[in-house]
Each structure stands twice: as C-alpha cells, then as structure tokens.
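J.: Read in order, the letters of the sequence shown are residues 1 to 140 in UniProt numbering.
Hints are computed from structural coordinates only; laboratory data are not their basis. None of these values were measured; they are calculated from a predicted model. Just so you know, not all the hints are guaranteed correct.
Under the rule of at most 27 Å between Cα atoms (straight-line distance), these lysine-lysine pairs were calculated in the DSSO-like manner [what the hints assert, rightly or not]:
(1) K69 x K100
(2) K29 x K69
(3) K100 x K130
Simulated DEER-style distance windows between Cβ atoms [unchecked claim]:
(4) R109 x D22: 17 to 27 Å
(5) K112 x R134: 28 to 38 Å
(6) Y117 x S137: 42 to 52 Å
(7) Q37 x F136: 38 to 48 Å
Beta carbons are placed, not taken as given, at the ideal position from N, Cα and C, and that holds for glycine.
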Amino acid sequence: IAAQMLGLAKGAFETAMRYMHDRQQFGRKIADFQGVQFEYAKLATEIEAAALLTANAALLREAGQPFAKEAAMAKFKSSEVAQRVSSACIDFVGGNGFTKSFGLEKLFRDSKIGTIYEGTSNMQLQTIAKVLQREFSGSN
C-alpha cells in the first residue's frame, strides 16, 4: 500500500510538473516562480522520504528482520504524502486539475483510501508507538 500511494504521489507530481513547465503566466513558466518552486521542492522532498521509508521496510522484510514499525511508518508517510501531493498538484494546475481529462482529480480521490484501508493512519501510528515502547522499555 505504501508503494501504491507512493506511485500515486509521483504520478500527480509528474503531471503537475509537466504542466507547470509548459504553462505560462505573466510571461513566465509557472514553474519559474519562486513561491511555486519552494512548494514543489517540499513535495519532492516528502516523496523521496516516503520512498526511502518504503524501501527500508521492504529491505527489512526481504532480510527476514522485524519490520512492523517500518512498514507502518512507510504506509503512514506514503498515504499522508499522497494526499498532500495530489491536493497541491491540483492547486498548481488550477481549474484544469478538477477536470476528468487531466487525471489529477482521480488521483486526489484515490489518495484518500490510503489513509483508511489496511489500517487507518491512526492505527499505523499506534503500531509505531507500540513497537517504540517495546524498544525503549527493554522488553523486546
């Protein structure tokens, strides 16, 4: 699920980035405005963080190591990032972002399910907290 939400976030981000590099306002590409640059730089950083959490959980699983905390972190972060990124990308694109032909509106709707199924975001936080309690109480 973390990987699914990560793919959704990347898809929305790439769609918006292409649009912002093509679309001009006030004689400049939308992507060239500093305020917009700061926002998409933050989103790219969040996507990368979610990707690293997801990869780490997968590596631990493949190695046969405990990975419950890391999997919960990956799902939590990726789901939250997918929602933030898809929403911000609609903002970047403006009114076109809500049209079915553009595709961002579907990604925005689909991103919500990541925080609900296979354990809500709060359930993921509960899993993370329980593992941390065990790790720091010395009762592994």
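J.: Starting from the hint 17 to 27 Å, judge whether the C-beta atoms of R109 and D22 obey it.
T.: With Cβ atoms ~24 Å apart, the hint holds.
J.: Starting from K69, check that the Cα of K100 is at most 27 Å away, please.
T.: Violated - the C-alpha atoms of K100 and K69 are around 37 Å apart, more than 27 Å.
J.: Are the Cα atoms of K29 and K69 separated by 27 Å or less?
T.: 42 Å, violated
J.: K100 and K130: Cα distance at most 27 Å?
T.: 42 Å, violated
J.: Given the hint of 38 to 48 Å, is the C-beta distance from Q37 to F136 inside that range or not?
T.: 40 Å, holds
J.: Evaluate the given range 28 to 38 Å for the C-beta pair formed by K112 and R134.
T.: 31 Å, holds
J.: In this structure, is the beta-carbon distance linking Y117 and S137 contained in 42 to 52 Å?
T.: 31 Å, violated
Of the numbered hints listed earlier, those contradicted by the structure are 1, 2, 3, 6.
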